[in-house]
Amino acid sequence: MTLDRRQFLASAGAGVGALAFGLDPAAAASSQFRHGVASGDPRPSDVLLWTRVTPTAASTPGSGVGPTVSVSWQVARDWRFTQVVSSGVAQTGPSRDHTVKVVAGGLAPATSYYYRFVLDGVRSPTGRTRTAPAPTATPSRLRFGVVSCSNYQAGFFASYRHLAARRDLDAVLHLGDYLYEYGPGEYGYGNANTDVRPHQPAHEITTLRDYRQRHAQYKTDPDLQALHVAAPWIVTWDDHESANDAYDGGAENHTPGAEGTWPARRAAAYRAYDEWMPVRLGETAALDDGTQIYRRLRFGRLAELSMLDLRTYRSQQVGTDLAAVDDPARTIAGDPQLRWLKESLASDAAQWKLVGNPVMIAPLVFPPLPADLTRSLTDVTGLLPPEGVPYNVDQWDGYTADRREILRHLADQGITDSVFITGDIHSAWANDLPLDAGTYPLSRSVGTEFVCTSVTSNNLDDIVGVPPRTSSLAVEAAITATNRHVRYVDFDSHGYSVLDVTPARVQMDYYVIGDRASAGAGSHWSTSWATSAGSQRVRPVSAPVA
Amino acid sequence: MGDLGGFPAGAAGIGTGGVMDRRSFLRVAAAGGAVVLSGAAGAGWASASAAPRTRVYVLVVDGCRPDEITPLLTPRLAALRSGGLHFPRGRALPVTETIPNHVMMMTGVRPDRSGVPANSVYDPAEQVVRDLDRPTDLGFPTVLERLHARGLRTGTVLSKEYLYGIFGTRATYRWEPSPIVPVSGHAPDVFTMEAALAMLRTADPDLMFVNLGDCDRVGHVDLTGTTLALARRTALVSADLQVGRFVDELTTSGRWDSAVVMVLADHSMDWSLPHRVVSLTPVLDADPTLAGRFVAAQNGGADLLYWTGPTVGRTAAVARMRALAAATPGVLSVHAPADLRLGSRAGDLVAYCAAGWRFSEPAVVSNPIPGNHGHPATRPIPFFISGGSPRVPPAATSSRLAQTVDVAPTVGAVLGLPAPSGGYDGASLL
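So the sequences go chain by chain: A and B. Take 1 as the starting number for the first sequence in the working numbering and just add one per residue. Take 1 as the starting number for the second sequence in the working numbering and just add one per residue.
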């Protein structure tokens, strides 16, 4: 990017790290733009821009109150907006909770831009975004921030702040659980479930009004706002954007009747998500035109990113009948999405086939462990039942027919350089993807997987209630010994990752933060893993890219 | 391995061929015996010099998988890859067999224009399944004779008999593979390299096309598979050694600084267990509407299916063959040849097997070879361009697709050869 940091900070009147890209939360909080600005789903000639306005004091999120207003927007090559290249006016009002989503077109590929909105003469904070490379371009590098599992109650979003302070990101990938549905006292910080910051509204969210208010609360977080300001986001949802362990007909954390019907609740969750997130559901910025979130984004010939939806179409997780995990009639992706993913992987359009994957695809067998550890592992990984079984039935492990179809497809079609970028499991992993885990590493790997840890959501040491890097070390050693394709796992740390893509390799740098209960938690590099082009295997790397 | 010594000291004699092609022969002393090279009429032998000019060397490590090139196992190949322009998306094209992909490398066009879709096809005139190993089988000009026609020298050193067969006398200089290993039909890499070095020193071609067959032939020779892994590693080490000798010769002779060295494979390799065999002949024969009126030409991981019954029944018969083939365990997919740009010689249908399987025609026992190719699993190939020529970007990696059909356009771009009539199907990588 071309921004001169000092100039921009001076212009914005900001002076702390969280304000690296000009956002002034103090000003924003008192303005019509208290929920910040965002951009997303960059394409070579356009990008989606988002904001939410508060035209009157009564126009609070979820209120359904307030006037219809016109919001103008501008995109410029420079942060002073002397070279405006795209602009327009959008209408918004209570029917869409005063959110604004527009597609700014006419942009040049692989170019950084600055954007802002204006309501009644009041300017929003300025955001920085970046378009994707042209389809036939051969970029030498792409760099993404990678995050998942950001639970407001469990702590502060220091990871977002540290990523926002970087100035080298083409985009940020959020792989799901952007927000959580729980009420205060449920699923907070550590094994006591302490609420570092209680959720609003102060109950489990089930209605459209609830979901809107929860989105609004998250969007007031200064670190979250800073990262949205810093780069375009590419997001998908996992379960907590609607309810825990969601599937096509319900969710573990949904009570039919008392909480309405599942279709109605999910529709409310998806509607609020469409309103409040910088994402093109149904491939458009419009609302009410479908909720398909799985989609492809191209980055020249270097990479294509397929963002998956592994909640909307999946069969219910198996219970005690573990043999059902192999039932070919059960699906995690649904047939249309599975066909679509196979097309994405087989395409010769780009070298790296990146897959934004909400739940882990590498097979995992859990070794015998002390009962206390197993119970905690069950909690963090979703292992069922609590006594411990060889499957996490909420991951691809619970839908082996779909996984087998994908991995066989990679082998049958001679597909190379497929990299699954994964969230959900609140821990950091680097995995080979064996065609036959039972004979690995003597048999072949057909792809790789990098899993980022949670921004704040609890993981093993939190649940066990022990200091980081103590009892988890034994669990990690046992898992890598039992699962030879698992090359790295960290069950304790919270943080973020940076994914660097070049023609020669894809590298994931893992960063961990200090205590997530501290708003000012620091960050440091933990480890890096990479996959060399054509290798289908991960390898350790001695240093991060930057 | 002994050294050949500088030319002309190593030349044992020069002879003249028969009236048919007016070839000249050069017998060159080499380690393990003599190398006999032939040259087109009028091609000189002793005038070769290492004067600075761009030369292109295309080295094919037959059947090598991209993941088999590692600094530990194949240090010379790995060094060429890391020091030059690497294409991780190197790909063979259908049918991923030796002959069609070598033909695509030298013509720059797909099989529907060259007439060479597979190793093995059904020849309706002769009513037999045969290899496309005759010069007349190749119906498109190659860069070998097109460069020769413009006064540049070209050379072929091809380890396999059928490659020598189809490329014939197109190059200015050529080597007939010898000694030939029984069953495999190829000359071991050590002899192939002796010939390549001899040609380098005696003829100094502007374009040399070299095929090293050991890696591929390991899979084909070992019918039990029990010694496969060790034999494969040995073959890779050997191929690496031979490539290293070639590079050393380029360096010591002063050619390296102006050389463009393209290294690739013609296809990858996939391994199947004895029970992972597809034989479509008995499946189709069991259908009364097809029995005795079709032919299956087996190409390892691909089967070419031909309807040989009356023309009036072709459409229905092909549909029936497609349905039966697609429903057979181990069959990955079935295609019309036109969809794969294979041309009419590929018959009526092309069936691919899944990874880890192989075809065996006409009976299950007909193809006992564990290592096969021809199916999509064997598309990825190593592909990199090295050499000291300023045209070669040093230590670079490209995300673009690099296919066997791109070799001829690249050669043409480097040596100033215009595209053939109708243009290339590939594109220059430099």
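Derived by calculation from the structure, the hints in this document are not laboratory data. Hints should not be assumed to be uniformly reliable.
[Claimed, not checked] A few chain A residues facing chain B, derived, Cβ under 10 Å:
| hint | residue |
| --- | --- |
| 1 | 196 |
| 2 | 301 |
| 3 | 345 |
| 4 | 346 |
| 5 | 413 |
| 6 | 532 |
[As the list claims (entries may be wrong)] Some but not every residue of chain B turned toward chain A, in silico, with C-beta under 7 Å:
| hint | residue |
| --- | --- |
| 7 | 66 |
| 8 | 70 |
| 9 | 72 |
| 10 | 76 |
| 11 | 88 |
| 12 | 124 |
| 13 | 355 |
| 14 | 377 |
| 15 | 379 |
| 16 | 380 |
| 17 | 393 |
| 18 | 398 |
| 19 | 399 |
| 20 | 400 |
No residue lacks a Cβ here, since even glycine has one placed at the ideal position from N, Cα and C.
Status of the residue 76/B interface restraint (C-beta, 7 Å, chain A): The hint is violated - residue 76/B has no Cβ within 7 Å of chain A, the shortest such distance being about 18 Å.
Residue 413/A was flagged as interface toward chain B. Is the shortest Cβ-Cβ separation under 10 Å? 5 Å, holds
Interface hint compliance - residue 124/B to chain A, C-beta minimum distance less than 7 Å: 31 Å, violated
With a cut-off of 10 Å on the beta carbons, see whether residue 345/A makes it to chain B. The hint is violated - residue 345/A has no Cβ within 10 Å of chain B, the shortest such distance being about 12 Å.
Identify whether the interface hint at residue 399/B stands, where standing means a beta carbon of chain A within less than 7 Å of its own. Holds - the Cβ of residue 399/B comes within 7 Å of chain A, reaching about 4 Å at its closest.
Taking 10 Å as the limit, does the beta-carbon of residue 301/A come near enough to a beta-carbon in chain B? Nearest chain B Cβ about 5 Å off; hint holds.
Next item in the hint list is residue 532/A. Is there a CB on chain B closer than 10 Å to its CB? 8 Å, holds
Evaluation of the interface hint that places residue 355/B against chain A, nearest CB under 7 Å: 4 Å, holds
Holds or violated: is the Cβ of residue 393/B closer than 7 Å to a Cβ in chain A? 12 Å, violated
Supplied contact hint for residue 70/B, tested at 7 Å Cβ to chain A: Hint violated; residue 70/B Cβ to chain A Cβ min 9 Å, cut 7 Å.
Does the CB of residue 88/B sit less than 7 Å away from some CB of chain A? 3 Å, holds
Are residue 72/B and chain A close enough, Cβ to Cβ, to be under 7 Å, as the hint says? 13 Å, violated
Checked against the numbered hints listed earlier, the structure breaks hints 1, 3, 8, 9, 10, 12 and 17; every other hint is satisfied.
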